[in-house]
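Chemist: Okay, here's what each chain looks like letter by letter:
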Amino acid sequence: MQLKRPPAQLHLGLMAASCALLSSTVRAQTVDDSGQPLQLDTDVLYYKENAGRVQTVEPVVSLKKDFGDLRTLDGTLTLDSLSGATPNGAIPARRPQTFASPSSTSLTPQPGKKTTLYTVAPGDLPQDPHFKEQRVAGDLDWSQPLGLDNTLSYGGHASSEHDFDSVAAHAGVSHDFNEKNTTVSAGVNEEYDRIHAHGGNPLPGSDYQLYEKESSQTKTVSGALLGVTQVMTRNWLTGLNYTFDHSRGYLTDPYRILSEVDAQGDAGGYLYERRPDMRTRQSLYWFNKLALGSPVLDLSYRRGKDSWGIASDTVDAHLRIDLGRGMYLEPHARWYRQTAADFYDLYLSAADPLPTYMSADPRLAAFAATTFGLKFGLSVGRNGELSLRLEQYQQRPSEQSSPLPLLQGLDLNPDLKATIVQLAWRVVF
Amino acid sequence: MPLSRLLLLALLPAPLLTLSGCNALGVKPWQREILARPAMAVTAAPMDAAIDDHIYFSKEAASGGRSFGGGGCGCN
Amino acid sequence: MSRSQGAPAASLPHAPDFVLASRESGTIAVCFAAMASPCELLLETADTHAAAELGQLAAREAWRIEVKFSRYRPESIISVINRSQGHAVRVDVETAALLDYAASCHTLSGGRFDITSGVLRQCWTFDGSARLPDVAAVEALLPLVGWEKVRWRAPHITLPAGMEIDFGGFGKEYAVDRVLSLVTARFAGAALVNFGGDLAANRAPREAPWQVGVERPDSEREARLLLEFSQGGLATSGDSHRFLLRDGVRYSHILDAHSGWPVAQVPRSVTVAAGSCVEAGMLATFAMLHGGEAESFLAGQGVRYWCLRDAND
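So the protein sequences, as listed, match chains A, B and C.
Going by the working numbering, 258 is the number at position 258 of the first sequence; the sequence numbering is gapless.
Going by the working numbering, 1066 is the number at position 66 of the second sequence; the sequence numbering is gapless.
Going by the working numbering, 2247 is the number at position 247 of the third sequence; the sequence numbering is gapless.
Keep in mind that the hints were calculated from the coordinates and are not lab data.
On a predicted model such as this, the values are computed, not experimentally measured, just so you know.
In this text, a Cβ means the ideal position worked out from N, Cα and C, and glycines have one as well.
Incorrect hints may appear among the rest.
What the hints assert, rightly or not - If you only want the chain C side, here are some residues facing chain A, beta carbon under 8 Å, derived:
| id | residue |
| --- | --- |
| 1 | Leu2098 |
| 2 | Gly2275 |
| 3 | Ser2276 |
| 4 | Val2278 |
| 5 | Gly2302 |
| 6 | Val2303 |
As the list claims (entries may be wrong) - Pair by pair, the computed Cβ-Cβ distance ranges are:
| id | chain 1 | residue 1 | chain 2 | residue 2 | range |
| --- | --- | --- | --- | --- | --- |
| 7 | A | Arg234 | C | Ser2259 | 45 to 55 Å |
| 8 | C | Ala2204 | A | Val173 | 57 to 67 Å |
| 9 | A | His198 | B | Ala1049 | 28 to 38 Å |
| 10 | C | Ala2204 | A | Gln55 | 32 to 42 Å |
As the list claims (entries may be wrong) - Below, a sample of chain C positions facing chain A; criterion: calculated Cβ distance under 7 Å:
| id | residue |
| --- | --- |
| 11 | Ala2097 |
| 12 | Tyr2101 |
| 13 | Ser2104 |
| 14 | Leu2108 |
| 15 | Asp2177 |
| 16 | Met2282 |
| 17 | Gly2300 |
| 18 | Gln2301 |
| 19 | Asp2310 |
Generate coordinates for the entire structure from the input sequences, incorporating the hints supplied.
Modeler: Shown next as structure tokens:
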């Protein structure tokens, strides 16, 4: 037995070459994949909000083909069917309110056009009960190695619904080094949307009663991503992503209105919302995968900020627990909070001068949200899986009331509760 | 948090990147048995993630972060 | 003209055919044959079902590598390259990684390790007899030897007509490391992969380190060298079965790629322990290529090694 001496130059070189050989083939695990290049995922999502609000059934089908050598093609088809009542942005009042459905159509009957009106009882949150939407979306993504240490991926997306069409394309590269312990990636994304609301796009900021229209509008979104993933220890993988995107064009919601109230809180009229025609968003996303013995913890934190004044924090945690015999349980918890957009208001005061931008969309309000869920999975066949996910989502806005006399005791922006049920089936051929 | 601070945080991983042979931060190829488990992949359940992303995109103001590639929808 | 080629999906030579044996101290051994060697996978488990599944995984991977890289199989990528008659052949990611490794080892060994030297087989037959080839016959083959004559730029390799390459120098060790990596991705316990003496383990069993016996051929000392092995790779290069003997001079089968003649004073066997089986195997091969300097070479590398020579060397 010889005494150990510091490794000589040749040995260092051989160690490096051997490490490089074994790590470059670590990812190309071809044995099990040689006879199973096609994977079919079928998911059905059922989403239902409280108080008769939005519910949706969304089947998603995804086919993934492995052409060997880590070259994969991924195709996804999504069908979205929404219905239910959706708030139109106006606040409750002490007397009945009548609106057109959808809000982009005229209150007064137009020749040759169908007019549907609905009346909201005093004290109730105005929501359009006739909301119905169907959406079809398709995605195609390609990924392949570029040399021994790099990956190239690119893909496209197209979707269509009655009032909205979208096309998008993305491309990205990633580079592995340090024996595949470190990966850096960069990507870009470009999206082009066309918005043509039912009954025509209302002129942003215009009077709801006057029914002023404009032609269909477009918007573009350009985004970029920079990321790094690092293996820290045998059971800890961490990463950081920085994303940036810039939207410009028609960013207003054509169906949202705001109530214009007097000093008492009585709504004298309504205005269509108006948002800026530019929005810049940034986010920093830190994620971790930690193997705690057999269970695996997925823990992430995201900080977001945008040019509309909205700042957000998200903490997301999943814990996957293997129960043996191919079964697993995965509890999930998510905490989210956001500040309100600069131009967000529950309502407008008639006495104040008209702001340049305004919106009462609850999605731009300040709120905290939590999600709690449980997923159960079962292995079926060879590499197949059946799973059921049940989650409960709750949004609690911070601003829900007003000091104005007529609005006392009214909940102007109620909590949102939603139940999420997802059934998934994976088959590998 | 101002833009400059956000960018500074993005540069944090820089010290993690070293290029010297086999002795930098990380594990040897034969120590990757735990990392090779499907549950340890960065996106272990891509369908779930895509569905969640869509739900939160339509109900909240922030979106994305993990990756992108999806397109828009009329829900925001 | 470039032809795109790749190894076909592994057509297994025979159905998974292995034997399970329970060893003492709670390990199960799965035995099968591959790469002209007895192979075994030792697992620290009592679950025979899991052991059988992992054994099948190991055997399939060993056979996959054998079918893909064996120069004896006409459908292997090596045979395709050797038949290419000077045309470029496109190789896949795995073959490219192995070619890069061969190129690195060629540089690190100062040109002594050369995967193109197999063509010298045409005039050398190491059957223990006294038949040495003509000097002229060896000279005639030398122009067909030399990695520097091969054009390798991923993913295309161009071999001049008449030249051949062969992964035999590290193929088995590579298979050992690959099988270990596949097994440990699916198995939480200690595992040892042993393909005819080239072995690798992920860690020692809870009870005691692995006990490895290395054959010590024609030696008057103990029949076996017993090692305590925890983790990493172990490989042995030996000379005892293939050699020529003439006028009392022993000619080993380790050929010097520059002269075409055997390296002088090669040890009977060299066993090296290192981080992985490919690394250990290549160090053992380098040591053999150093002939009489084998021991001082290994001593200078700072690894555990065992070098065996005949009494009359």
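Chemist: Run every hint past the structure and note whether it holds.
Modeler: Evaluated hints:
1. Hint status for C:Leu2098: holds, given a least beta-carbon distance of 7 Å to chain A, under 8 Å.
2. Interface hint status for C:Gly2275: upheld, as the beta-carbon distance to the closest one in chain A is roughly 6 Å, under 8 Å.
3. Annotation: C:Ser2276 was flagged as interfacial toward chain A, and the flag holds, the nearest CB pair being 5 Å apart, inside 8 Å.
4. Residue-level restraint check for C:Val2278 holds (minimum Cβ-Cβ distance to chain A is 5 Å; threshold 8 Å).
5. Of the supplied interface hints, the one on C:Gly2302 holds, with its beta-carbon coming within about 4 Å of a beta-carbon of chain A, less than 8 Å.
6. With a cut of 8 Å, the hint placing C:Val2303 at the interface with chain A holds, because the nearest CB-to-CB distance is about 7 Å.
7. About 47 Å separates the C-beta atoms of A:Arg234 and C:Ser2259, a value consistent with the hinted range of 45 to 55 Å.
8. Hint check: C:Ala2204 to A:Val173, Cβ distance near 41 Å, so the stated range 57 to 67 Å is violated.
9. Between A:His198 and B:Ala1049 the beta carbons are some 32 Å apart, a value that agrees with the proposed interval 28 to 38 Å.
10. Judged by the Cβ atoms, the range 32 to 42 Å given for C:Ala2204 and A:Gln55 is violated: they are separated by roughly 57 Å.
11. The beta carbon of C:Ala2097 comes within 4 Å of a beta carbon in chain A, closer than 7 Å, and the hint placing it at the interface holds.
12. With a cut of 7 Å, the hint placing C:Tyr2101 at the interface with chain A holds, because the nearest CB-to-CB distance is about 4 Å.
13. Because the smallest distance between the Cβ of C:Ser2104 and any Cβ of chain A comes to about 4 Å, under 7 Å, the interface hint for this residue holds.
14. Given the 7 Å rule on beta carbons, the hint for C:Leu2108 holds: about 5 Å separates it from the nearest Cβ of chain A.
15. The criterion of a C-beta within 7 Å of any C-beta in chain A is met by C:Asp2177, whose closest approach is roughly 6 Å, and the hint holds.
16. Contact between C:Met2282 and chain A, as hinted, is supported at the beta carbon level, the nearest pair being about 6 Å apart and thus within 7 Å.
17. This hint holds: C:Gly2300 has a C-beta 5 Å from the nearest C-beta of chain A, less than the 7 Å allowed.
18. Because the smallest distance between the Cβ of C:Gln2301 and any Cβ of chain A comes to about 4 Å, under 7 Å, the interface hint for this residue holds.
19. Contact between C:Asp2310 and chain A, as hinted, is not supported at the beta carbon level, the nearest pair being about 21 Å apart and thus beyond 7 Å.
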